[in-house]
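Novice: Sequence:
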Amino acid sequence: MTSRHVAVPRPRAARHARNPRTHRILRGIALTTVAVVAFGVAGAAAAFTRLQGNMDQVDVSALVGPTPQVTRTPDPDDPNKGAPVNILVLGSDQRDGVNAQIGGDVAGMRSDTTILVHVSADRQRVEAISIPRDSLVDIPSCTMSNGKKSRATHGMFNTAFATGWDMGGDMASAAACTIRTVQENTGVPIDHFVVVDFAGFQSMIDAIGGVEICIPNAMTSKDAGLNVQAGVQRLDGPTALAFARARKGKGVGDGSDTNRIGNQQRLVAAMATEVLSKNVLSDLGQLVSFLDAATSSLTTDSGLSLTAMTGLTYNMRSIRGDSITFMTVPWAPAKSDPNRVEWTSAATEMWANVAADLPALGEPEPTTPTTTAPTPGTTAPTAPEATAPVPEQPTPAPTKQAGREAFTAEDTTAVCPA
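Each residue of the sequence shown is one higher than the last, beginning at 3 in this note's numbering.
It is worth saying that the hints were derived from the structure and are not from the lab.
Incorrect hints may have been included.
Subject to a maximum C-alpha distance of 20 Å in a straight line, what follows is the list of computed EDC-like cross-link-like pairs (lysine to aspartate or glutamate) [said to hold, decoys possible]:
#1 K280 x D324
#2 K337 x E214
#3 K280 x D208
#4 K250 x D136
#5 K151 x D140
#6 K150 x D61
#7 K337 x D61
#8 K151 x D208
#9 K280 x E214
Estimated spans, in silico, between C-beta atoms of each pair [unchecked claim]:
#10 G233 x S291: 26 to 32 Å
#11 R236 x D294: 20 to 26 Å
#12 C418 x G323: 17 to 23 Å
The C-beta atom is built at its ideal place from N, Cα and C for all residues, glycine as well.
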(Lines of atoms letter the chains of each structure in order from A and count residues from 1; the text may use other names and numbers.)
(Lines give C-alpha, C1' and ligand atoms only; values in the text may rest on other atoms or scores of the structure.)
Protein backbone atom coordinates (compact mmCIF):
# COMPACT_ATOMS: atom_id res chain seq x y z
CA MET A 1 0.00 0.00 0.00
CA THR A 2 2.92 2.28 -0.68
CA SER A 3 4.38 3.73 -3.87
CA ARG A 4 7.88 4.69 -4.87
CA HIS A 5 8.89 8.15 -5.99
CA VAL A 6 12.09 8.68 -7.94
CA ALA A 7 13.68 11.99 -7.02
CA VAL A 8 15.06 14.15 -9.87
CA PRO A 9 18.22 16.12 -8.95
CA ARG A 10 17.65 19.87 -8.84
CA PRO A 11 20.00 22.84 -8.46
CA ARG A 12 21.15 23.53 -4.93
CA ALA A 13 18.99 26.63 -4.48
CA ALA A 14 15.85 24.89 -5.71
CA ARG A 15 16.60 21.86 -3.56
CA HIS A 16 16.79 24.09 -0.50
CA ALA A 17 13.58 25.96 -1.37
CA ARG A 18 11.53 22.77 -1.92
CA ASN A 19 13.20 20.56 0.64
CA PRO A 20 10.42 18.31 2.09
CA ARG A 21 12.11 18.45 5.48
CA THR A 22 11.98 22.26 5.44
CA HIS A 23 8.31 22.11 4.46
CA ARG A 24 7.57 19.69 7.28
CA ILE A 25 9.33 21.96 9.77
CA LEU A 26 7.36 25.03 8.61
CA ARG A 27 4.10 23.09 8.64
CA GLY A 28 4.96 21.69 12.05
CA ILE A 29 5.59 25.17 13.42
CA ALA A 30 2.18 26.34 12.18
CA LEU A 31 0.34 23.35 13.64
CA THR A 32 2.25 23.58 16.89
CA THR A 33 1.40 27.28 17.22
CA VAL A 34 -2.32 26.56 16.84
CA ALA A 35 -2.12 23.67 19.30
CA VAL A 36 -0.19 25.70 21.88
CA VAL A 37 -2.79 28.49 21.75
CA ALA A 38 -5.57 25.95 22.25
CA PHE A 39 -4.07 23.61 24.83
CA GLY A 40 -0.74 24.91 26.01
CA VAL A 41 2.51 23.04 25.33
CA ALA A 42 1.82 20.02 27.53
CA GLY A 43 -1.82 19.74 26.45
CA ALA A 44 -1.00 19.76 22.73
CA ALA A 45 1.63 17.06 23.05
CA ALA A 46 -0.56 14.96 25.32
CA ALA A 47 -3.59 15.22 22.98
CA PHE A 48 -1.64 14.16 19.89
CA THR A 49 0.12 11.34 21.74
CA ARG A 50 -3.17 10.06 23.17
CA LEU A 51 -4.97 10.12 19.82
CA GLN A 52 -2.12 8.40 18.00
CA GLY A 53 -1.80 5.83 20.78
CA ASN A 54 -5.52 5.07 20.73
CA MET A 55 -5.34 3.31 17.37
CA ASP A 56 -4.23 -0.26 16.79
CA GLN A 57 -2.30 -0.45 13.53
CA VAL A 58 -1.31 -3.53 11.56
CA ASP A 59 0.78 -3.96 8.42
CA VAL A 60 -1.13 -6.00 5.84
CA SER A 61 0.84 -5.08 2.72
CA ALA A 62 2.72 -8.40 2.55
CA LEU A 63 -0.51 -10.40 3.00
CA VAL A 64 -2.50 -8.37 0.46
CA GLY A 65 0.20 -8.59 -2.18
CA PRO A 66 0.77 -6.21 -5.11
CA THR A 67 -1.95 -3.70 -5.95
CA PRO A 68 -2.11 -1.08 -8.71
CA GLN A 69 0.15 1.79 -7.71
CA VAL A 70 0.05 5.48 -8.58
CA THR A 71 3.31 7.42 -8.65
CA ARG A 72 2.87 10.66 -6.77
CA THR A 73 4.98 13.27 -5.02
CA PRO A 74 4.81 12.61 -1.27
CA ASP A 75 3.15 15.32 0.81
CA PRO A 76 3.85 15.30 4.56
CA ASP A 77 0.34 16.56 5.38
CA ASP A 78 -1.65 14.37 2.98
CA PRO A 79 0.31 11.41 1.55
CA ASN A 80 -2.55 10.78 -0.91
CA LYS A 81 -2.75 14.36 -2.18
CA GLY A 82 -3.67 14.60 -5.85
CA ALA A 83 -4.98 11.03 -6.04
CA PRO A 84 -8.27 9.33 -5.21
CA VAL A 85 -8.41 7.42 -1.93
CA ASN A 86 -10.33 4.17 -1.36
CA ILE A 87 -10.88 3.21 2.27
CA LEU A 88 -12.52 -0.09 3.22
CA VAL A 89 -14.56 0.40 6.41
CA LEU A 90 -15.43 -2.79 8.29
CA GLY A 91 -17.80 -3.04 11.24
CA SER A 92 -16.55 -5.91 13.37
CA ASP A 93 -18.94 -8.12 15.29
CA GLN A 94 -16.33 -8.70 17.99
CA ARG A 95 -17.79 -10.14 21.21
CA ASP A 96 -15.10 -9.98 23.88
CA GLY A 97 -14.28 -7.45 26.61
CA VAL A 98 -16.47 -4.35 26.46
CA ASN A 99 -18.04 -5.55 23.21
CA ALA A 100 -19.27 -8.73 24.93
CA GLN A 101 -21.14 -6.57 27.43
CA ILE A 102 -22.81 -4.76 24.53
CA GLY A 103 -23.64 -7.59 22.14
CA GLY A 104 -23.20 -10.78 24.15
CA ASP A 105 -20.18 -13.06 24.45
CA VAL A 106 -19.62 -15.01 21.21
CA ALA A 107 -16.42 -16.72 20.08
CA GLY A 108 -14.62 -15.66 16.90
CA MET A 109 -15.08 -12.49 14.88
CA ARG A 110 -17.24 -11.56 11.93
CA SER A 111 -17.75 -8.45 9.83
CA ASP A 112 -21.40 -7.89 8.98
CA THR A 113 -20.93 -4.31 7.73
CA THR A 114 -18.63 -3.37 4.86
CA ILE A 115 -18.54 0.04 3.19
CA LEU A 116 -16.07 1.09 0.51
CA VAL A 117 -15.52 4.85 0.87
CA HIS A 118 -14.21 6.54 -2.27
CA VAL A 119 -12.80 10.07 -1.93
CA SER A 120 -12.25 11.73 -5.31
CA ALA A 121 -8.84 13.11 -6.23
CA ASP A 122 -10.15 16.69 -6.12
CA ARG A 123 -11.60 16.06 -2.61
CA GLN A 124 -15.02 17.32 -3.76
CA ARG A 125 -16.89 14.01 -3.83
CA VAL A 126 -17.35 11.15 -1.36
CA GLU A 127 -19.14 7.91 -2.23
CA ALA A 128 -19.95 5.30 0.42
CA ILE A 129 -20.78 1.96 -1.22
CA SER A 130 -22.25 -0.79 0.96
CA ILE A 131 -21.39 -4.39 0.13
CA PRO A 132 -24.07 -6.87 1.34
CA ARG A 133 -22.54 -9.57 3.52
CA ASP A 134 -24.71 -12.18 1.72
CA SER A 135 -23.20 -11.37 -1.69
CA LEU A 136 -21.96 -14.48 -3.47
CA VAL A 137 -18.47 -13.64 -4.74
CA ASP A 138 -15.16 -15.26 -5.63
CA ILE A 139 -12.98 -15.43 -2.52
CA PRO A 140 -9.31 -15.85 -3.46
CA SER A 141 -6.73 -17.94 -1.66
CA CYS A 142 -5.42 -15.90 1.27
CA THR A 143 -2.10 -16.14 3.09
CA MET A 144 -2.34 -15.65 6.84
CA SER A 145 0.15 -14.01 9.17
CA ASN A 146 1.07 -17.45 10.56
CA GLY A 147 1.88 -18.80 7.09
CA LYS A 148 -1.32 -20.81 6.59
CA LYS A 149 -3.14 -20.58 3.27
CA SER A 150 -6.85 -20.80 2.58
CA ARG A 151 -8.36 -22.31 -0.54
CA ALA A 152 -10.01 -20.17 -3.19
CA THR A 153 -13.78 -20.58 -3.10
CA HIS A 154 -17.10 -19.06 -4.14
CA GLY A 155 -19.28 -18.03 -1.24
CA MET A 156 -20.70 -15.30 0.95
CA PHE A 157 -18.66 -12.10 0.99
CA ASN A 158 -18.21 -11.94 4.77
CA THR A 159 -16.68 -15.43 4.72
CA ALA A 160 -13.40 -13.76 3.72
CA PHE A 161 -13.11 -11.87 7.01
CA ALA A 162 -14.17 -14.88 9.12
CA THR A 163 -11.75 -17.20 7.31
CA GLY A 164 -8.86 -14.81 7.86
CA TRP A 165 -9.65 -14.52 11.57
CA ASP A 166 -10.25 -18.23 12.13
CA MET A 167 -7.14 -19.39 10.25
CA GLY A 168 -4.77 -16.52 11.00
CA GLY A 169 -6.04 -15.66 14.47
CA ASP A 170 -5.52 -11.91 14.08
CA MET A 171 -6.94 -8.76 12.52
CA ALA A 172 -4.20 -8.54 9.90
CA SER A 173 -5.22 -11.87 8.36
CA ALA A 174 -8.94 -11.04 8.48
CA ALA A 175 -8.54 -7.59 6.95
CA ALA A 176 -6.06 -8.73 4.30
CA CYS A 177 -8.33 -11.53 3.07
CA THR A 178 -11.25 -9.10 2.86
CA ILE A 179 -9.16 -6.56 0.93
CA ARG A 180 -7.99 -9.25 -1.51
CA THR A 181 -11.62 -10.31 -2.03
CA VAL A 182 -12.77 -6.74 -2.71
CA GLN A 183 -9.94 -6.06 -5.15
CA GLU A 184 -10.47 -9.32 -7.05
CA ASN A 185 -14.21 -8.77 -7.47
CA THR A 186 -14.20 -5.03 -8.15
CA GLY A 187 -10.86 -4.07 -9.69
CA VAL A 188 -10.73 -1.15 -7.24
CA PRO A 189 -7.39 -0.81 -5.38
CA ILE A 190 -7.81 -0.41 -1.62
CA ASP A 191 -5.48 2.22 -0.14
CA HIS A 192 -6.47 1.86 3.52
CA PHE A 193 -8.79 -0.05 5.79
CA VAL A 194 -10.51 0.80 9.07
CA VAL A 195 -12.18 -1.65 11.46
CA VAL A 196 -14.69 -0.22 13.97
CA ASP A 197 -16.11 -2.27 16.83
CA PHE A 198 -19.32 -1.84 18.87
CA ALA A 199 -17.76 0.26 21.62
CA GLY A 200 -16.06 2.60 19.16
CA PHE A 201 -19.26 3.24 17.23
CA GLN A 202 -21.19 4.06 20.41
CA SER A 203 -18.47 6.43 21.58
CA MET A 204 -18.41 8.34 18.29
CA ILE A 205 -22.17 8.92 18.44
CA ASP A 206 -22.02 10.11 22.05
CA ALA A 207 -19.04 12.39 21.31
CA ILE A 208 -21.19 14.51 18.97
CA GLY A 209 -24.16 14.54 21.32
CA GLY A 210 -26.14 11.85 19.51
CA VAL A 211 -27.70 11.96 16.05
CA GLU A 212 -31.12 13.18 14.95
CA ILE A 213 -32.96 10.84 12.62
CA CYS A 214 -36.52 10.25 11.41
CA ILE A 215 -38.03 6.98 12.65
CA PRO A 216 -41.10 6.48 10.39
CA ASN A 217 -42.67 3.81 12.63
CA ALA A 218 -42.10 2.28 16.04
CA MET A 219 -39.29 -0.30 16.00
CA THR A 220 -38.46 -3.02 18.51
CA SER A 221 -35.85 -5.76 18.27
CA LYS A 222 -35.14 -8.04 21.20
CA ASP A 223 -31.92 -9.38 19.65
CA ALA A 224 -30.47 -5.90 19.08
CA GLY A 225 -31.94 -4.30 22.20
CA LEU A 226 -33.85 -1.72 20.17
CA ASN A 227 -37.03 0.05 21.31
CA VAL A 228 -37.77 3.39 19.64
CA GLN A 229 -40.98 5.27 18.95
CA ALA A 230 -42.04 6.83 15.65
CA GLY A 231 -41.01 10.42 15.04
CA VAL A 232 -37.88 12.52 14.81
CA GLN A 233 -35.61 11.11 17.50
CA ARG A 234 -32.16 11.97 18.82
CA LEU A 235 -30.40 8.65 19.30
CA ASP A 236 -27.59 8.26 21.82
CA GLY A 237 -24.70 5.84 21.26
CA PRO A 238 -26.31 2.61 22.55
CA THR A 239 -29.64 3.29 20.80
CA ALA A 240 -27.91 4.20 17.53
CA LEU A 241 -25.90 0.97 17.66
CA ALA A 242 -29.08 -1.04 18.30
CA PHE A 243 -30.72 0.73 15.32
CA ALA A 244 -27.75 -0.18 13.10
CA ARG A 245 -27.67 -3.81 14.26
CA ALA A 246 -31.41 -4.56 14.19
CA ARG A 247 -32.44 -7.03 11.49
CA LYS A 248 -35.44 -8.82 12.98
CA GLY A 249 -38.29 -7.46 15.07
CA LYS A 250 -41.48 -5.45 14.98
CA GLY A 251 -41.39 -2.57 12.50
CA VAL A 252 -37.74 -3.26 11.65
CA GLY A 253 -38.32 -4.48 8.09
CA ASP A 254 -38.23 -7.74 6.19
CA GLY A 255 -35.42 -9.24 8.28
CA SER A 256 -32.89 -9.18 5.45
CA ASP A 257 -29.35 -7.88 5.60
CA THR A 258 -30.07 -5.57 2.66
CA ASN A 259 -32.90 -3.94 4.63
CA ARG A 260 -30.53 -3.41 7.56
CA ILE A 261 -28.01 -1.79 5.18
CA GLY A 262 -30.59 0.93 4.45
CA ASN A 263 -30.89 1.77 8.16
CA GLN A 264 -27.10 1.80 8.51
CA GLN A 265 -26.73 4.16 5.57
CA ARG A 266 -29.37 6.51 7.01
CA LEU A 267 -27.58 6.49 10.35
CA VAL A 268 -24.15 7.26 8.86
CA ALA A 269 -25.75 10.04 6.77
CA ALA A 270 -27.24 11.48 9.98
CA MET A 271 -23.78 11.35 11.59
CA ALA A 272 -22.28 13.23 8.64
CA THR A 273 -25.03 15.86 8.85
CA GLU A 274 -24.46 16.24 12.60
CA VAL A 275 -20.70 16.66 12.20
CA LEU A 276 -21.08 19.21 9.38
CA SER A 277 -23.88 21.19 11.08
CA LYS A 278 -21.97 21.47 14.34
CA ASN A 279 -18.73 22.46 12.60
CA VAL A 280 -16.97 19.66 14.45
CA LEU A 281 -14.11 19.72 11.93
CA SER A 282 -13.33 23.37 12.68
CA ASP A 283 -14.06 23.46 16.43
CA LEU A 284 -10.82 22.29 18.03
CA GLY A 285 -12.40 21.17 21.30
CA GLN A 286 -15.17 19.18 19.62
CA LEU A 287 -12.74 17.77 17.06
CA VAL A 288 -10.36 16.44 19.70
CA SER A 289 -13.27 14.92 21.63
CA PHE A 290 -14.65 13.28 18.49
CA LEU A 291 -11.23 12.01 17.38
CA ASP A 292 -10.55 10.65 20.86
CA ALA A 293 -13.76 8.61 20.65
CA ALA A 294 -13.22 7.65 17.01
CA THR A 295 -9.66 6.43 17.47
CA SER A 296 -10.25 4.62 20.76
CA SER A 297 -11.64 1.47 19.11
CA LEU A 298 -10.14 1.59 15.63
CA THR A 299 -7.81 -0.82 13.92
CA THR A 300 -6.22 0.54 10.75
CA ASP A 301 -3.44 -0.28 8.33
CA SER A 302 -0.03 1.06 9.26
CA GLY A 303 -0.17 3.72 6.52
CA LEU A 304 -3.27 5.46 7.90
CA SER A 305 -1.58 7.49 10.62
CA LEU A 306 -3.23 10.30 12.54
CA THR A 307 -1.25 12.77 10.39
CA ALA A 308 -2.52 11.17 7.19
CA MET A 309 -6.11 11.17 8.51
CA THR A 310 -5.83 14.83 9.53
CA GLY A 311 -4.38 15.83 6.16
CA LEU A 312 -7.13 14.04 4.26
CA THR A 313 -9.83 15.58 6.46
CA TYR A 314 -8.34 19.07 6.08
CA ASN A 315 -8.34 18.81 2.28
CA MET A 316 -12.01 17.71 2.41
CA ARG A 317 -13.08 20.77 4.42
CA SER A 318 -15.26 22.12 1.58
CA ILE A 319 -17.36 18.92 1.41
CA ARG A 320 -21.08 19.40 2.06
CA GLY A 321 -23.95 16.99 2.57
CA ASP A 322 -24.98 16.92 -1.08
CA SER A 323 -21.46 15.82 -2.03
CA ILE A 324 -21.67 12.66 0.10
CA THR A 325 -23.53 9.85 -1.68
CA PHE A 326 -24.61 6.56 -0.14
CA MET A 327 -25.40 3.54 -2.29
CA THR A 328 -25.44 -0.26 -2.32
CA VAL A 329 -23.82 -2.54 -4.87
CA PRO A 330 -26.51 -3.27 -7.50
CA TRP A 331 -27.76 -6.76 -6.72
CA ALA A 332 -30.48 -9.31 -7.39
CA PRO A 333 -31.54 -12.51 -5.60
CA ALA A 334 -29.03 -15.24 -6.38
CA LYS A 335 -30.22 -17.86 -8.86
CA SER A 336 -28.61 -20.60 -6.77
CA ASP A 337 -30.09 -19.45 -3.45
CA PRO A 338 -32.88 -16.86 -3.01
CA ASN A 339 -31.55 -16.13 0.49
CA ARG A 340 -28.30 -14.83 -1.02
CA VAL A 341 -27.63 -12.03 -3.51
CA GLU A 342 -25.44 -11.69 -6.58
CA TRP A 343 -24.20 -8.52 -8.24
CA THR A 344 -25.78 -7.41 -11.51
CA SER A 345 -24.13 -6.05 -14.65
CA ALA A 346 -24.74 -2.54 -13.29
CA ALA A 347 -22.27 -3.35 -10.51
CA THR A 348 -19.53 -4.01 -13.08
CA GLU A 349 -20.06 -0.56 -14.59
CA MET A 350 -20.18 1.06 -11.15
CA TRP A 351 -16.88 -0.48 -10.02
CA ALA A 352 -15.21 0.54 -13.29
CA ASN A 353 -16.26 4.14 -12.65
CA VAL A 354 -14.91 4.06 -9.10
CA ALA A 355 -11.57 2.64 -10.28
CA ALA A 356 -11.34 5.46 -12.84
CA ASP A 357 -12.30 8.12 -10.23
CA LEU A 358 -15.53 8.92 -12.04
CA PRO A 359 -18.92 9.30 -10.31
CA ALA A 360 -19.91 5.75 -9.39
CA LEU A 361 -23.33 6.02 -11.04
CA GLY A 362 -22.04 7.95 -14.05
CA GLU A 363 -22.21 11.63 -14.85
CA PRO A 364 -25.69 13.11 -14.18
CA GLU A 365 -27.74 14.04 -17.21
CA PRO A 366 -27.61 17.81 -17.88
CA THR A 367 -30.94 19.50 -17.38
CA THR A 368 -31.92 22.31 -19.77
CA PRO A 369 -35.01 24.46 -19.26
CA THR A 370 -37.66 24.06 -21.95
CA THR A 371 -39.18 27.24 -23.39
CA THR A 372 -41.73 27.73 -26.16
CA ALA A 373 -40.70 30.32 -28.71
CA PRO A 374 -43.49 32.75 -29.82
CA THR A 375 -44.86 32.34 -33.33
CA PRO A 376 -43.44 34.99 -35.72
CA GLY A 377 -45.81 37.96 -36.07
CA THR A 378 -47.59 37.37 -32.78
CA THR A 379 -47.32 39.19 -29.50
CA ALA A 380 -46.86 37.31 -26.28
CA PRO A 381 -49.99 37.60 -24.11
CA THR A 382 -49.78 39.70 -20.99
CA ALA A 383 -51.39 38.81 -17.69
CA PRO A 384 -54.43 40.90 -16.65
CA GLU A 385 -53.50 43.64 -14.19
CA ALA A 386 -56.20 42.65 -11.72
CA THR A 387 -55.06 39.03 -11.49
CA ALA A 388 -53.18 38.40 -8.24
CA PRO A 389 -50.12 36.17 -8.46
CA VAL A 390 -50.77 32.61 -7.42
CA PRO A 391 -48.24 31.48 -4.80
CA GLU A 392 -46.26 28.47 -5.88
CA GLN A 393 -46.82 25.35 -3.85
CA PRO A 394 -43.56 23.75 -2.75
CA THR A 395 -42.98 20.42 -4.42
CA PRO A 396 -42.37 17.77 -1.76
CA ALA A 397 -38.93 16.23 -2.00
CA PRO A 398 -39.02 12.67 -3.32
CA THR A 399 -38.26 10.04 -0.71
CA LYS A 400 -35.26 7.87 -1.56
CA GLN A 401 -35.31 4.25 -0.43
CA ALA A 402 -32.06 3.84 1.50
CA GLY A 403 -30.31 0.57 0.75
CA ARG A 404 -32.01 0.31 -2.63
CA GLU A 405 -31.48 3.76 -4.14
CA ALA A 406 -28.51 6.09 -4.05
CA PHE A 407 -29.03 9.21 -1.91
CA THR A 408 -27.04 12.08 -0.50
CA ALA A 409 -26.81 13.21 3.10
CA GLU A 410 -29.29 15.99 2.25
CA ASP A 411 -31.94 13.79 0.61
CA THR A 412 -35.17 12.66 2.30
CA THR A 413 -35.06 8.95 3.12
CA ALA A 414 -38.02 8.68 5.50
CA VAL A 415 -41.21 10.58 6.33
CA CYS A 416 -42.13 10.93 9.98
CA PRO A 417 -45.66 11.33 11.34
CA ALA A 418 -46.60 14.95 11.95
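Novice: Of the numbered hints stated earlier in the document, which are not met by this structure?
Specialist: 2, 7 and 8
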